[in-house]
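**Student:** Make the full structure from the sequences, and use the hints.
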Amino acid sequence: MQIAAQIIGFLAALVLLTAFGMLVQRRMTALIHLFAWQGLFLSISTAVVGFMAGQRHLYISSLLTLSLKVILLPYILHVLVRRLRIHREIETVVNVPLTMLIGVALVIFSYHLTAPVRELSTLVTRSVLPIALATVLIGLLMMITRRHAVTQIIGFLAMENGLFFAATSATYGMPLVVELGVALDVLIAAFIFGIFFFHIHTSFDSLNVEQMARLKEGD
Amino acid sequence: MELLVLLVAPLLAAVALGFVGDRKFAPEINILGSALTFLAGLVLALKVYYGGPMLAGGKFFFVDAFNVYLCVLTSFVSMTTAIFSRRYMRREREHGSVGHWGMRFYHAMFQLFIFAMLLCLLTNNVGVLWIAMELATLSTVLLVSLYRTPRAIEAAWKYFILCGVGIAQALFGTVLLYFAAEKVLGEGGEALLWTNLSRVSGSLEPTVMSLAFVFLMVGYGTKVGLVPLHNWLPDAHSEGPTPVSAVLSGLLLNIALYALVRCKTLVDGSTGTHFAGNIMMGFGLLSILVAAFSLLRQKDIKRMFSYSSIEHMGITTFAFGLGTPLATFGGLLHMLVHSLAKSSIFFTVGHVSQMHQTQDMDRIRGIIKGSPLVGWGLMIGVMAIIGMPPFGVFTSEFLILTATIKDAPFLTPFLLVGLGVAFAALLRRVQPMVFGDAPSYQKTLKVAHMPVLLHIVLVLAIGVYLPDFLSLWFHKAVELMK
Numbered sequence: 001m002q003i004a005a006q007i008i009g010f011l012a013a014l015v016l017l018t019a020f021g022m023l024v025q026r027r028m029t030a031l032i033h034l035f036a037w038q039g040l041f042l043s044i045s046t047a048v049v050g051f052m053a054g055q056r057h058l059y060i061s062s063l064l065t066l067s068l069k070v071i072l073l074p075y076i077l078h079v080l081v082r083r084l085r086i087h088r089e090i091e092t093v094v095n096v097p098l099t100m101l102i103g104v105a106l107v108i109f110s111y112h113l114t115a116p117v118r119e120l121s122t123l124v125t126r127s128v129l130p131i132a133l134a135t136v137l138i139g140l141l142m143m144i145t146r147r148h149a150v151t152q153i154i155g156f157l158a159m160e161n162g163l164f165f166a167a168t169s170a171t172y173g174m175p176l177v178v179e180l181g182v183a184l185d186v187l188i189a190a191f192i193f194g195i196f197f198f199h200i201h202t203s204f205d206s207l208n209v210e211q212m213a214r215l216k217e218g219d
Numbered sequence: 220m221e222l223l224v225l226l227v228a229p230l231l232a233a234v235a236l237g238f239v240g241d242r243k244f245a246p247e248i249n250i251l252g253s254a255l256t257f258l259a260g261l262v263l264a265l266k267v268y269y270g271g272p273m274l275a276g277g278k279f280f281f282v283d284a285f286n287v288y289l290c291v292l293t294s295f296v297s298m299t300t301a302i303f304s305r306r307y308m309r310r311e312r313e314h315g316s317v318g319h320w321g322m323r324f325y326h327a328m329f330q331l332f333i334f335a336m337l338l339c340l341l342t343n344n345v346g347v348l349w350i351a352m353e354l355a356t357l358s359t360v361l362l363v364s365l366y367r368t369p370r371a372i373e374a375a376w377k378y379f380i381l382c383g384v385g386i387a388q389a390l391f392g393t394v395l396l397y398f399a400a401e402k403v404l405g406e407g408g409e410a411l412l413w414t415n416l417s418r419v420s421g422s423l424e425p426t427v428m429s430l431a432f433v434f435l436m437v438g439y440g441t442k443v444g445l446v447p448l449h450n451w452l453p454d455a456h457s458e459g460p461t462p463v464s465a466v467l468s469g470l471l472l473n474i475a476l477y478a479l480v481r482c483k484t485l486v487d488g489s490t491g492t493h494f495a496g497n498i499m500m501g502f503g504l505l506s507i508l509v510a511a512f513s514l515l516r517q518k519d520i521k522r523m524f525s526y527s528s529i530e531h532m533g534i535t536t537f538a539f540g541l542g543t544p545l546a547t548f549g550g551l552l553h554m555l556v557h558s559l560a561k562s563s564i565f566f567t568v569g570h571v572s573q574m575h576q577t578q579d580m581d582r583i584r585g586i587i588k589g590s591p592l593v594g595w596g597l598m599i600g601v602m603a604i605i606g607m608p609p610f611g612v613f614t615s616e617f618l619i620l621t622a623t624i625k626d627a628p629f630l631t632p633f634l635l636v637g638l639g640v641a642f643a644a645l646l647r648r649v650q651p652m653v654f655g656d657a658p659s660y661q662k663t664l665k666v667a668h669m670p671v672l673l674h675i676v677l678v679l680a681i682g683v684y685l686p687d688f689l690s691l692w693f694h695k696a697v698e699l700m701k
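Protein sequences, first through last, are from chains B and Y.
Heads up: the first sequence begins at 1 in our numbering, then just goes up one per residue.
Heads up: the second sequence begins at 220 in our numbering, then just goes up one per residue.
Quick caveat, the hints were computed from the structure, so don't treat them as lab data.
Note that the coordinates shown come from a computational prediction; the quantities given were computed from them, not determined experimentally.
Simulated pairs of lysine to any residue, SDA-like, Cα-Cα distance not exceeding 25 Å: (1) Y:402 / B:55; (2) B:216 / Y:577; (3) B:216 / Y:578; (4) Y:588 / Y:602; (5) B:216 / Y:508; (6) Y:695 / Y:220; (7) Y:402 / B:59; (8) Y:402 / B:53; (9) Y:625 / Y:635; (10) Y:278 / B:56; (11) B:216 / Y:640; (12) B:216 / Y:368.
**Tutor:** So, in structure tokens, the structure goes:
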């Protein structure tokens, strides 16, 4: 039990580490790799939780994460990035130290926010919940600070990872029907952003969303 | 049975339309599919009206007075929108705004969207509710960017990202909800069933539920278009095809609010305080005021009416937040009449912008000269939406105002200012468009008047005389939400 809890804690730390890594990673390909790593840690930790708690259905979610977030989505992203010839592109990230500091603040905030939940929980995984929320919030921060469409989508998917992690750590996973539905939604979203990348690329000549400033108030 | 038809009809229609594509009879299939859905909705409503709330499909579906009326409304408005879009989209196709694939996509996604909304309403599972809500977003994202102009793509991207982020917060809220429920109901699917949750809401852990509600509020509030989470809404409404604006504004916002209200009753039952209601009142009031003042400075006609939608969703959210029986009754009625009136306005706005080839309000003049029915349709629709008696919106706003004076009198001035500013702003803008001289570039078109007339007559009828069955229904729904 003790060991399992420690393994889960370790994996959670790795998930958080990859989240921070993604926050400031400038190279597209490396970013996608980081995302895949995060999915892998998530998948392993889900399987460990499932083994420890004797929850069979967590194996299915673990496999789902593995196939979707470690293999399929990174693959799709790689293909898209190569097709659109942006795999060598380096995005300028403004103010790395400040972004990192905000990220740290978000982690502390998550610990504070989830304190009542942790007190009530009896699960071994309860200490992981704040990290899950922090992953969600760091994904959000990434979407706010970055200006590239691909990066924003990776931020979005990282948020989804965090949510999934939260479900596993707070309650040993949502009911299977919900988890399957969420996976389906992510899959549909993947196709949609794939289509979007092409649309944005053809009409704006770049995937930098900063150029999208036509719709404004009071012009 | 009728429940099955209600869900399967739009799904089958979506698949069929995906295959039919751009053939001549595609719009007719679209209409047929939505008409079938509407019929099933009516039958279901009758059944619930006589037989009371029911569970179906192994507790997977749940129908009560609250969601069945929204089902009928959703299927009705989607049917009239399908009728409206037949001529409208055909003209867009001739005009070259959409291509062959665009049309195929439009029809299939329209039906899928209706399916997602109905699933939202009918499901008994709070998790599935979230999934269906996300599906509703995803199916409309590419409809917003249907014209492929840079502006449309920008609007759709914004919609995708903002609603995606928002809805992710709602999922976290749902996880917390499940965490609280699991303690009481045990593990497994049972703990997310709405019927179980509402039964035990008193024993759910209040702190966790309050925390969950904050996330749910931000999540579903983004979809309702509440200020300050509303940024996507005017863009998506103004850049998408008009039938899509009509269903987004008339239906999707309602569905998101439905999800929020469902969650609110759980949280209220758990905390025993007015915590959730207060948050909703705050968001609602802010939306009313910000939207009313934003209305003043709009130049684009669809954008202006989307701000009006934000204002009305604010009013409804405020009413549900206030939570007294009178206010809830007003809120339910307001959802109904706003949805009817606003979709009819979007229909006429679609006609108007096709007549003038623009959405710029300064270039739209003398509609009534070119097409009296369209002109009057817009004028009367706007009269209805700004809350002139004898239309239904007046009744519902009057009820909400009365409830506010009774229970939160210090908020009445804010509400009145919002309503007054919106009134003035819309009237000032619409009058010169409807009357005045017709410019040379104005074209007259053959349009479908039936949907607009039908909606206006209904809003008028509800304002003059609220049928017994409807008020009984609302009373039942009010009971549910106490």
